[in-house]
Every structure is written in structure tokens, then in C-alpha cells.
Amino acid sequence: MSELYKIDVEQSNGSQQSMMDYEGKVLLIVNTASKCGFTSQFEGLQHLYEKYENDGFEILGFPCDQFMNQEFSEQGEIESFCKLNYGVTFPIYKKVDVKGDDQSNLFQFLTSEKKGFLGGEIKWNFTKFLVDQDGKVIRRYPPQTTPAKIESDLINLIKK
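Taking my numbering, the leading residue of the sequence shown gets 1, the next gets one more, and so forth.
Read the hints as simulated data drawn from the structure, not as lab findings. One should not assume that every hint holds.
Said to hold, decoys possible - In silico lysine-lysine, DSS-like type, Cα no more than 27 Å apart, as pairs: (1) 123 - 94; (2) 6 - 123; (3) 51 - 136; (4) 6 - 136; (5) 114 - 159; (6) 6 - 35; (7) 25 - 94; (8) 25 - 160; (9) 6 - 115; (10) 149 - 115; (11) 99 - 123; (12) 123 - 83; (13) 94 - 160; (14) 83 - 115; (15) 35 - 94; (16) 136 - 160; (17) 94 - 6; (18) 160 - 99.
Said to hold, decoys possible - Computed spacing ranges between beta-carbons, pair by pair: (19) 87 - 6: 25 to 35 Å; (20) 155 - 101: 30 to 40 Å; (21) 47 - 21: 21 to 31 Å.
Please read all numbers here as calculations on a predicted model, not as lab measurements. From the three backbone atoms N, C-alpha and C, an ideal C-beta is built for every residue, glycine too.
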């Protein structure tokens, strides 16, 4: 069993959820921010989600405020912003740290599995991790990679 499935994450309401709930699904895990230059990617992410959610695909959004304070302080504000401005229906989890001493267990796992251009640490909002049905991190995408550019990799995994 993948180490991914041994990790629990905190839902927006504060309850714990096991990543085991996503076993057998293709995942795109993204560290998000509501007030970032890349925030418009929510639109593309939502499009991918709507197109492939019935094919065993999930997007998991993890808000982060570690990059120039580009996230709202209140969880409710984050969720409202995503839903009202971009129609987001995929899960937005509790705000996390994606680097540093308080890095979440999930992002410790992801960054140890796929290093970025400058090493393991996440450098900015909207870094994306594509995970296969077995919990293996297949690819890491930098913030400037749009959701549309991920689609072909996603389709290859869904067909697997």
C-alpha cells in the first residue's frame, strides 16, 4: 500500500479524512491561494474536474498562505471565494503549510516523491501533483503549468 494512503488530511469543517478514501482514483493535488496571479487556474481545474470526475478523477485543493499572504484568513471566505468566483465543486481542504517546519504530512510525502526544479520545497502557489490509482506520484507541475496542459497526462492515467 502506498504511503499516501496512510495520511489523514483535515477537511474544511475540521474533521479528519483518510487519503485511503481516494485509493483507486487518479488525483490532482494542488496548493491553492485565492489572491494569487495564478488564481484564475481554478477555472481550468474545475473544467477538468467536471469533465473527468465520473472517470475516477478527483482534484484536492489545499489552500496555503505561505507565499506573500495570498490566502484569506478564514476558511469560510476561502470556500465562498472559490465557489462564487470559479464555481469550484471539488474539495477545498483546511488551509495547510506546504513547506517549512509545519509542513503538512501530505505535502511532506508529495515533495519527497517528486522534487521540483529547485529541489523538493514548493516555491509558489498552484504547484500540482498528479497521483495514479495506486497512490504513486507520477508528475509534479510548476505553478505556471495550466490545467489544460495536464489533461493529456490525466487521460493516459484514467485509461490505465
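So, going through the hints one by one against the coordinates:
1. Among the hinted pairs, residue 123 with residue 94 is consistent with the structure: their alpha-carbon atoms are about 20 Å apart, no more than 27 Å.
2. With a C-alpha separation of about 26 Å, the suggested pair residue 6 and residue 123 falls inside the 27 Å cut-off, and the hint holds.
3. Of the pairs offered as hints, the one joining residue 51 and residue 136 holds, with about 22 Å between alpha carbons and a cut-off of 27 Å not exceeded.
4. At roughly 13 Å between alpha-carbon atoms, residue 6 and residue 136 fall within 27 Å of each other, so this suggested pair holds.
5. For the suggested pair residue 114 and residue 159, the alpha carbons sit about 22 Å apart, so the restraint of at most 27 Å is met.
6. For the hint pairing residue 6 with residue 35, the CA-to-CA distance comes to about 32 Å; that exceeds 27 Å, so the pair is violated.
7. With a C-alpha separation of about 21 Å, the suggested pairing of residue 25 with residue 94 holds against the 27 Å cut-off.
8. Straight-line distance between C-alpha atoms of residue 25 and residue 160 comes to about 11 Å, which keeps the hinted pair within the 27 Å bound.
9. Taken as a hint, the residue 6 and residue 115 pair is honoured in the structure, with Cα atoms around 21 Å apart against an allowance of 27 Å.
10. Distance restraint check for residue 149 and residue 115: the Cα-Cα separation of roughly 19 Å lies within the 27 Å cut-off, and the hinted pair is therefore satisfied.
11. Restraint check: the Cα-Cα separation between residue 99 and residue 123 comes to about 9 Å, which is no more than 27 Å; the hinted pair holds.
12. A C-alpha spacing of about 26 Å is found between residue 123 and residue 83, which places the hinted pair at or below 27 Å, so the restraint holds.
13. With a C-alpha separation of about 31 Å, the suggested pairing of residue 94 with residue 160 is violated against the 27 Å cut-off.
14. The straight-line distance between the Cα atoms of residue 83 and residue 115 is roughly 31 Å, outside the 27 Å bound, and the hint therefore fails.
15. At most 27 Å may separate the alpha-carbon atoms for a hinted pair to count; residue 35 and residue 94 meet this at roughly 16 Å.
16. Annotation: proposed proximity of residue 136 to residue 160 holds, straight-line Cα distance about 13 Å (limit 27 Å).
17. Between residue 94 and residue 6, the direct Cα distance comes to roughly 18 Å. Compliance with the 27 Å bound is thereby established for this hinted pair.
18. For the hint linking residue 160 to residue 99, the alpha-carbon distance of about 32 Å lies beyond 27 Å, and the restraint is violated.
19. Hint check: residue 87 to residue 6, Cβ distance near 33 Å, so the stated range 25 to 35 Å holds.
20. One distance hint, 30 to 40 Å for the beta-carbon pair residue 155 and residue 101, holds here, with the actual separation near 38 Å.
21. Between residue 47 and residue 21 the Cβ separation comes to about 24 Å, which falls inside the hinted range of 21 to 31 Å.
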